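Protein chains: 2
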Amino acid sequence: MRLHRLGERGLIRRIRRTIGSPTPGVRVGIGDDAAVLELTPGAYLLATTDLVIEDVHFRRRAAGPADIGWKAMAVNLSDIAAMGGTPLFALVALACPEKTDVEEVDRFYEGLADAARPHGVRIVGGDTSTSPAGWIANVTLLGEMTGRPRLRSDARAGDRIAVLGDLGRSAAGLAALEAEARPPLPDEVLADVTRAHLRPVARVAEGKWLGVADGVHAMIDLSDGLATDLGHVACESGVAARVELARLPVAPSTRAVAGALGLDPLELAATGGEDYELLFTAEAGPMGDLAAGLASATGAPVTVIGEITAGDTGVTFLDAAGRVVELGSGFEHFRG
Amino acid sequence: MRLHRLGERGLIRRIRRTIGSPTPGVRVGIGDDAAVLELTPGAYLLATTDLVIEDVHFRRRAAGPADIGWKAMAVNLSDIAAMGGTPLFALVALACPEKTDVEEVDRFYEGLADAARPHGVRIVGGDTSTSPAGWIANVTLLGEMTGRPRLRSDARAGDRIAVLGDLGRSAAGLAALEAEARPPLPDEVLADVTRAHLRPVARVAEGKWLGVADGVHAMIDLSDGLATDLGHVACESGVAARVELARLPVAPSTRAVAGALGLDPLELAATGGEDYELLFTAEAGPMGDLAAGLASATGAPVTVIGEITAGDTGVTFLDAAGRVVELGSGFEHFRG
Chain Z
1 MRLHRLGERG LIRRIRRTIG SPTPGVRVGI GDDAAVLELT PGAYLLATTD LVIEDVHFRR
61 RAAGPADIGW KAMAVNLSDI AAMGGTPLFA LVALACPEKT DVEEVDRFYE GLADAARPHG
121 VRIVGGDTST SPAGWIANVT LLGEMTGRPR LRSDARAGDR IAVLGDLGRS AAGLAALEAE
181 ARPPLPDEVL ADVTRAHLRP VARVAEGKWL GVADGVHAMI DLSDGLATDL GHVACESGVA
241 ARVELARLPV APSTRAVAGA LGLDPLELAA TGGEDYELLF TAEAGPMGDL AAGLASATGA
301 PVTVIGEITA GDTGVTFLDA AGRVVELGSG FEHFRG
Chain Y
1001 MRLHRLGERG LIRRIRRTIG SPTPGVRVGI GDDAAVLELT PGAYLLATTD LVIEDVHFRR
1061 RAAGPADIGW KAMAVNLSDI AAMGGTPLFA LVALACPEKT DVEEVDRFYE GLADAARPHG
1121 VRIVGGDTST SPAGWIANVT LLGEMTGRPR LRSDARAGDR IAVLGDLGRS AAGLAALEAE
1181 ARPPLPDEVL ADVTRAHLRP VARVAEGKWL GVADGVHAMI DLSDGLATDL GHVACESGVA
1241 ARVELARLPV APSTRAVAGA LGLDPLELAA TGGEDYELLF TAEAGPMGDL AAGLASATGA
1301 PVTVIGEITA GDTGVTFLDA AGRVVELGSG FEHFRG
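As they're listed, the protein sequences go chains Z and Y. Quick note on this note's numbering: the first sequence kicks off at 1 and runs consecutively. Quick note on this note's numbering: the second sequence kicks off at 1001 and runs consecutively.
Source of the hints: derived by calculation from the structure; they are not laboratory data. None of these values were measured; they are calculated from a predicted model. Glycine residues also receive a C-beta, built at the ideal position from the N, C-alpha and C atoms. Everything hinted at is true.
Label pairs and their calculated CB-CB ranges:
1) Z:G20 x Y:D1312: 50 to 60 Å
2) Y:R1117 x Z:G285: 46 to 56 Å
3) Z:A157 x Y:R1148: 52 to 62 Å
4) Z:G314 x Y:R1182: 54 to 64 Å
5) Y:G1299 x Z:E283: 58 to 68 Å
6) Y:R1148 x Z:R247: 50 to 60 Å
7) Y:R1182 x Z:G20: 29 to 39 Å
With the rest of the complex left out, here is chain Z (with noise of 0.2 Å):
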């Protein structure tokens, strides 16, 4: 079989089968946001890496070295926030072409920084070497926690299903960037989404409170699009999704691109990828609570979008008036 008919979760499901089952020391092994591992009792160590690979995650037409340096360290930033964990220490592997020019590998470094220095993060190691062609980064992470950490696994028939800051912009910004032609739109509006693709925040001061607030169940940032990412959870706790379209959290400015691009701005919010805000989950009770605490303490909006039910597992989408609409699957690696 070809991985391109196998898919991403087919594939995690295929490699934990080879290289077995976690032992004691592994909290959490494969097929969450990141590696939970026991050291010492009670004190967690949070590891999460990420390959980036030019034309495959993003294209130097649209990204200088600094964006791919900081989207690089932003990407595990965010895993960890999605366990509810603090970052520690990055370890930062660069391949480029020999003929590269140094000061663009300065850049790639001093984007990395920036995107690491706000929370503490440290890079302590890495490799370098030449690529036969392309840029190709990867960067891991690792980090700490008390505490429960948040898996995909943990929602439960009942809960409420959230998401911090609005959804679909960074696909409005991959949009703009890939667009023939620059969209009609005024200078700002093409900066918001742009920014929000190539220099995206992770939610690590929010993960954190989440981390430890009670009522939170599961946990995830979404990196490869909501139907794709809440599909994880749903698919690791046994239960079903559903989202109310209308309630996705959609930026003016995503409208606004969507608009000019002809494009469907919720069918952006619904699939897009690469947002990297934090999806949780909590019993209809605590939500309220939780909502406005995470708000007050962060400043991070949190909008309820559905919630989770028993029954087959998988996300079901609806419209206004409750009818299910079908979407694409988001961005899914080594799709069919």
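Start from chain Z and add chain Y according to the hints.
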């Protein structure tokens, strides 16, 4: 300036400048075999990462998916060994073309797991992605150690330099694999050198033994070749290193392949990369007991190949008559 004019060591110096100096909690940052992090006082977390790219680090004509997986793990095990640590957990990122057979991906993870299993290392997380062309893998390995890490910067004038095993066998294997015609040699000779190249075995037990043995100063694993890696030790320690070429341990199979291909076996041993043997330094007094003790505890042969002296940092190779011999500089990424 172009990257290939700067050289790998220059690049690492430049990265250190960009990202700032280490902070409390970071015992060893960028530039050694692994980062040494102190999360709990007295207990060190080790972390290392390596990027492995098709047509830079391997060719698919010579290396199957299981070989790629094995080696991606082994090179990281070797980095932890070079610190005197115990490897524990691995994160694995893999990108390959969409059309890749899933069975090939299975073989990759089997190779990884086969290399990890003897050391009790568990694969706890990772990332999967498509690649535009060729296989790309990144393995991050976490380990632990008590005691004092053995650094590249710990060599002192008067130390003897010792290596484990033999040198140049991997380079002979690579030369045999890349030869236009099969060298006219017995199968077992070719199998011996190609196995050294495709399936290196990290000196984990030996590294742990040396990590707690009294009198061991600097330690490094030989990944880029003796000339380059001993050059790192000399540079980081601010000392000179003198190596007697005639003392370099060279296996009969390496000599046979060198003979058949018209190569100099001592040049392979002095500059060939990817042997993943350990090099360490110790004072002349304890060196004899260290070599005998290590050989007795682990079975690894130890050969004293030269000495550390005060003076200009750098590596000098001497022939049997004590004359300086000019050699290539091993395998260096971004070589000018």
